[in-house]
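> Chains V and G are the protein sequences, given in the same order.
In case it helps, the numbering used here puts the first sequence at residues 417 to 1049.
In case it helps, the numbering used here puts the second sequence at residues 1457 to 1562.
Each hint should be verified, as a subset may be incorrect.
[Claimed, not checked] Output of the computed footprint for chain V on chain G, the stretches with three or more beta carbons under 8 Å from beta carbons of chain V: (1) 1489 to 1500; (2) 1510 to 1520; (3) 1524 to 1531; (4) 1546 to 1558.
[Stated by the list, open to error] Label-pair distances were calculated between CB atoms; the ranges are: (5) G:Leu1554 / V:Ile585: 29 to 37 Å; (6) G:Ala1462 / V:Glu985: 38 to 46 Å; (7) G:Gln1486 / V:Asn739: 38 to 46 Å.
[What the hints assert, rightly or not] The calculated lysine-lysine pairs, modelled on BS3-like cross-linking and capped at a C-alpha distance of 25 Å, are: (8) V:Lys884 / V:Lys948; (9) V:Lys691 / G:Lys1533; (10) G:Lys1533 / V:Lys956; (11) V:Lys858 / V:Lys948; (12) V:Lys791 / V:Lys829; (13) G:Lys1533 / V:Lys960; (14) V:Lys1017 / V:Lys691; (15) G:Lys1465 / V:Lys858; (16) V:Lys960 / V:Lys1015; (17) V:Lys691 / V:Lys981; (18) V:Lys956 / V:Lys1015; (19) V:Lys981 / V:Lys956; (20) V:Lys1013 / V:Lys981; (21) V:Lys956 / V:Lys1017; (22) G:Lys1460 / V:Lys858.
Everything labelled a hint here was simulated from the structure, so no lab data went into it.
Predicted model only: the values in this text are computed from it and were never measured.
Beta carbons are placed, not taken as given, at the ideal position from N, Cα and C, and that holds for glycine.
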Amino acid sequence: MEFGIELDRGAIIAISIVAGLYIVVITTFGGYFARFNKNINDFFYSGNRFSWWLPAASMVATGIGSYSYLKYSEQGYNTGMSSTMTYLNDWFLAPFFIFGWLPIIYYASIKSVPEYFERRFNSTARYISLTIILAYMFFYIGYNFYTIGVALEGMFQVPQLYSVPLLAIFLGAYVTFGGQTAVIFTDLFQGFMLYIAGFLSIFAGIYALGGFDEWWSFLPITHRLPFSHLNENPYFNSAGLFWGEALAGSIAFTFMNQGFLMRYLTIKSVHDGRKAAFFNVMVTLPMSAIIVGAIGWIGKSLVIKQAVTGGALAGYDFVQIDNTFHTFVIVCWTTVKQNPWIFGFVVAALMAALMSTIDTLINACAAIGIYDLYKPLINDNASDEHYLKAARWASVITTLIGLLLVIWFNTQKGSLMSIHYKGIMIIIPAIVTTIFMGAFWKRFNATAACTSMIAGSIITVFSVWNPKIIAPLSWFLSGPVNGEYIYFRALFGMIITAIIGFTVTMLTSSRRDKNVTGLTISTLNEAMRDYKGGDTPNHKIGSKISGLVPTIDNSIDEGWIHLSKQSMEELAAHDGDIIYISDSRWWLGGLRSYHVKVKTKASLANSEIEMSSATYDDAYFLDHHTVTAEKII
Amino acid sequence: MVAKTALLKWLVALALFLAFAFFFPRMLLQIWGPAHPWTSYFYLYGFGFFYTGSGVLLALTSGACHLSRPRDRFWLKVVVSGYFYFATLHALWIYLALSIPYKGDM
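Pulled out of the complex, with its shape left as it was, chain G reads as follows (with noise of 0.2 Å):
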């Protein structure tokens, strides 16, 4: 029974996955387009949640993350500012890149 409601719960949470990872895309391409830096940037960042989500879930469900461990907690913290560290860098330098004139043109 128990191992049933597991596998149920891995099922749900695969056609979730796989639903966003279809429309999600999709999403993106008809708000910005193929070639925009955005439609780049959060379809890395978007999947990359996902991808560093389950690590961080796999991680405390595992029990190799413990948090009553204060080392782990200070990793876990690490790990989590880490994904929104490279986002925000990722996102300034998208920003400065449009917003700084070329001179290419003159």
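This is chain V alone, in the form it adopts within the complex (with noise of 0.2 Å):
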């Protein structure tokens, strides 16, 4: 490995201090939150009672990596502002998401795809999608550690041998012990972190070139476009990122990704849901494409002026980049004058991106070790407090094979980019083809979708080694014709899973015994009413009801409260409704909250609300402090 710069020994023990302070803060930060795990409900998804602005706001963490920060960098020095493509083509996927997937995972209370595909079709398909998905997970992990190890390296020049398993130890704790509520909120003080940090480089950056007007006066025509050439280049090219990556790619993050789903489980209602993919894609998403590429676009434009100028600007280092790999640290170190407790904050955000993905990852493949191997396989019989030990055994197992992914990872050659990609590509295809069949298409079956995951996956890894099979689909929808498909290979998998899918539901018949209520868009508004035990869904708007005084009245139901008329009026509710009640502080964001069914009690005044301590004590909350009612359905 080529290093991007030379510390001297002052340096690096400063940038030490700042980075291994951060670390010890987020991790005694993240374990304070194991106490809100009552169960493993709580554990996964925190017993779905967040404000969408939580999740969505712990979200920017968790979508940028560690190898974010390299991999976008580098990309944007080579092909400039075009480094955002993979970032802002998302929305074209919101209807599927917002009306279809969303609503079908939440009132289902689908804890994880593989439990889907049990649902939807039968448990061989279940453990086909297991398989896959688990492969999808690890390979994030191990990539995410991989790639922070070689930025240490890079920088350090500490091996990977040392530091890869150290800061495992480190993020197996917090999430071992603090749990998704741990995750989430561990995210968003990260989330802060990544985005002051970056905003510190990016404004360093801008500062050493002489303002805003000269970056971009400095940066070619072709840095400066939001799109690539559209076939040329087989590695980064309009035409496959828009098949591989907008239609593929983000099936795939949005719908399988475990970690983003069960953060949209976490939320309070389907409208919170949607509110948060809302804010992700137009807000978390194109912040984060320009936070991860911009030092790219910077170094840039740094190098042109120099070139122009000819040397060094004014108080700063001549920068050099010879190997793009290293363009982030370089032109960070650069401009921020070598100075080391800056520079030491900027790798905290690097761990910061690492930590914030990878607990998200290893809580997600926990989750899915308890729910769909050792439950169904091993013990479905057994104490929550049991569970809940089972899934950090989970975790620590997810943290090994995260980890011993690393070794695999340093045999590959190539680009960061590359490695990422060629990988993602080959995986995804079939599942989110059958994943989308199987929640748009009410007749797609169990053989259908069994058959197209093993079929689709096989003919994808087949197309690795006989590329020429991908050429005539490249050449039909003008993509690359020079004989690499990293991008159009997903496509290739997804519509070779298609057509196996939908000739092998034609040819069988349909599972009519299989009931599939609710789990397909179609199927939604009895999935509603299931959701609600049975009766009609509201769906009339009320107004959120503040300032509720709690009173305790044991006779009432656990999981029930009484309202009085007029607030069941402002609330547009009928008895029998769910209704949200928390904590009255916004700012909780629903950490002391809970799901409730309502009944009118006429006697009762306008600012109370009797529920059983038991409820009380569930939605966690505390003496001398209002409720908020709001009715969710």
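Using the hints, put the two standalone chains together into the complex.
Quick look at the structure:
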């Protein structure tokens, strides 16, 4: 590995202090939230209690991995602002997610994609999907460990053999004990860290260049554009990125990534889930695209300005990027004028990126391990305490597997970008197509799902050694025709899977005996009714009521509350509707909250809310704090 | 009979899409060439229109989006506006990239 920068002993110590301190603080912070895990639903899904903004803000950090900074800065330096393409092409998927997949998983209380496959198809489909999804998740965990290891190796010359296991121990610790609530709150904190450090480095770079105008003026026109050449570069072309990334990649990330799925399942309602999705695509992804790619754009402008003005910029060292893989480190180190404390903060942000992505993935893999392997295959009838313990062991095992994969990544050749997409574009096509067909085509049956996943995966892998079979498709859609089809491989795999799935479905009878109510887009109305326990959903929009004073009445069933007639009218609620009650302090984001059913009690004062002490405890309410009520459905 | 009509509708839609998928990029390439940003722009938003449009159509025809429900109406507007928001953003971006002079040639 060619090193990007050379650090003296003092700088190494300063950077290590800042980054080390950061890791200790975040581990302690995450550990605090273990107290909010009463059962495995809390551990993995935080009891579906949060307001949209909390998981949405925490997704900032989840979406940015340690690899993102290195990969996109390199891409930004090489091809410019088209590095944002992968972040800005997700809206096309919005109607499928907002009106389809999100309500399906929410109302059917789907805990994982394999569980969906079992309920939608059969247990064979569940375990085929489980294998593919775990491959996808482990790939990402290993890849994150690998990239941070490479970055640390480049900066401090610490072999990955030591740095990666040490980081894994810290990460494993707070995910193992904190669970999903810890993940969300630490990710929220780390998201801020990422943005502060990112904007700090961007500001330093723009300042070094002499201002925003100078940066833009010295940026070549090709580097200013939001899109790359349509089909020239096999590793980065607009046509391929649309079909491989916007179509297959986005479906995988949104529909199948257990980490994101679980984040959505922590949210209190479908409406709030939609808000989180909207915020993620409209705000988080564009901001993240800037944060991770901008150093590359600044680096390019800086190098051109040096060439035009005939040397280093006044007050700065000469920037020379021989190995573009180290673009982020080189540009950052130079533009902060080799200040080890500021640079240490940026390195801590790299750690934050790694930790926030990996903690989500580890927690997600542990969820799959418990819900899809341990419970159905090993022990289906144990206490919550037992499952919590098992979940923590699952987190440890997941971390170890990710760690072992670093050895495999070290044997791979090529750029970070190519290693990433080469792997992902082979793993995802068959499974994303099957999820899509399962959710949006009621007739699609178990035989077709199993056949298409297996055959689709095999043919996609086969195309790695025989890329010629992708050539006609790429030619048909005016994609690259130069023999390398990283992104078109995903489209090829999806089409093959879809054709197999369609043919098998048409040839075999649809499983009319299988109840798929609530598991396809066309059965969502029934799903809502089932979610409400058989009552008709109430879609009227009411107001939120804040400042309700809780009173305890243990004659009320657990999970039920009483409200006055006027409160019910304000909420636009009827008896039996599902109500979300939370601590009135909005900034808690629903940390102290619960879903209950409501009944009118005419004698109750308008400012009162009655519930049993068990409900009060389940909501984590505190004395002397008022409650807010909101109708869900 | 109903199933046959539905299948026929799907086949016609598929044929129309395949014709579009074949001719549309070739038309763009003929007008601007593969390196021009507007080629990639229209490629993305042309195919993207089918992508988003098919999602909206599916949501409406399946009953997942009920126009009688206020929240569904709201989210339908958001979904459609989002497509045009990103299309406008990218168009503006290309315009600015092409219209401000580059100093690197000096």
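> Hint by hint, note whether the structure agrees.
So, going through the hints one by one against the coordinates:
1. 1489 to 1500: Check passed, 8 qualifying residues.
2. 1510 to 1520: That given contact holds, which follows from 7 residues of the stretch 1510 to 1520 of chain G lying within Cβ reach (below 8 Å) of chain V.
3. 1524 to 1531: holds (count 5)
4. 1546 to 1558: holds (count 9)
5. G:Leu1554 / V:Ile585: 29 to 37 Å: 51 Å, violated
6. G:Ala1462 / V:Glu985: 38 to 46 Å: 45 Å, holds
7. G:Gln1486 / V:Asn739: 38 to 46 Å: 40 Å, holds
8. V:Lys884 / V:Lys948: Given that 25 Å is the threshold and the Cα spacing comes to 52 Å, the pair is violated.
9. V:Lys691 / G:Lys1533: This hinted pair holds, its Cα atoms lying about 13 Å apart.
10. G:Lys1533 / V:Lys956: It holds: about 18 Å lies between the C-alpha atoms, which stays within 25 Å.
11. V:Lys858 / V:Lys948: 23 Å, holds
12. V:Lys791 / V:Lys829: 39 Å, violated
13. G:Lys1533 / V:Lys960: Roughly 23 Å separates the two Cα atoms, so the pair holds.
14. V:Lys1017 / V:Lys691: The given pair, whose Cα atoms are some 33 Å apart, is violated under the 25 Å limit.
15. G:Lys1465 / V:Lys858: 17 Å, holds
16. V:Lys960 / V:Lys1015: 16 Å, holds
17. V:Lys691 / V:Lys981: 30 Å, violated
18. V:Lys956 / V:Lys1015: 17 Å, holds
19. V:Lys981 / V:Lys956: 16 Å, holds
20. V:Lys1013 / V:Lys981: 15 Å, holds
21. V:Lys956 / V:Lys1017: At roughly 21 Å apart (the allowed maximum being 25 Å), lysine 1017 of chain V and lysine 956 of chain V satisfy the hint.
22. G:Lys1460 / V:Lys858: 17 Å, holds
In summary, the numbered hints that this structure violates are 5, 8, 12, 14, 17.
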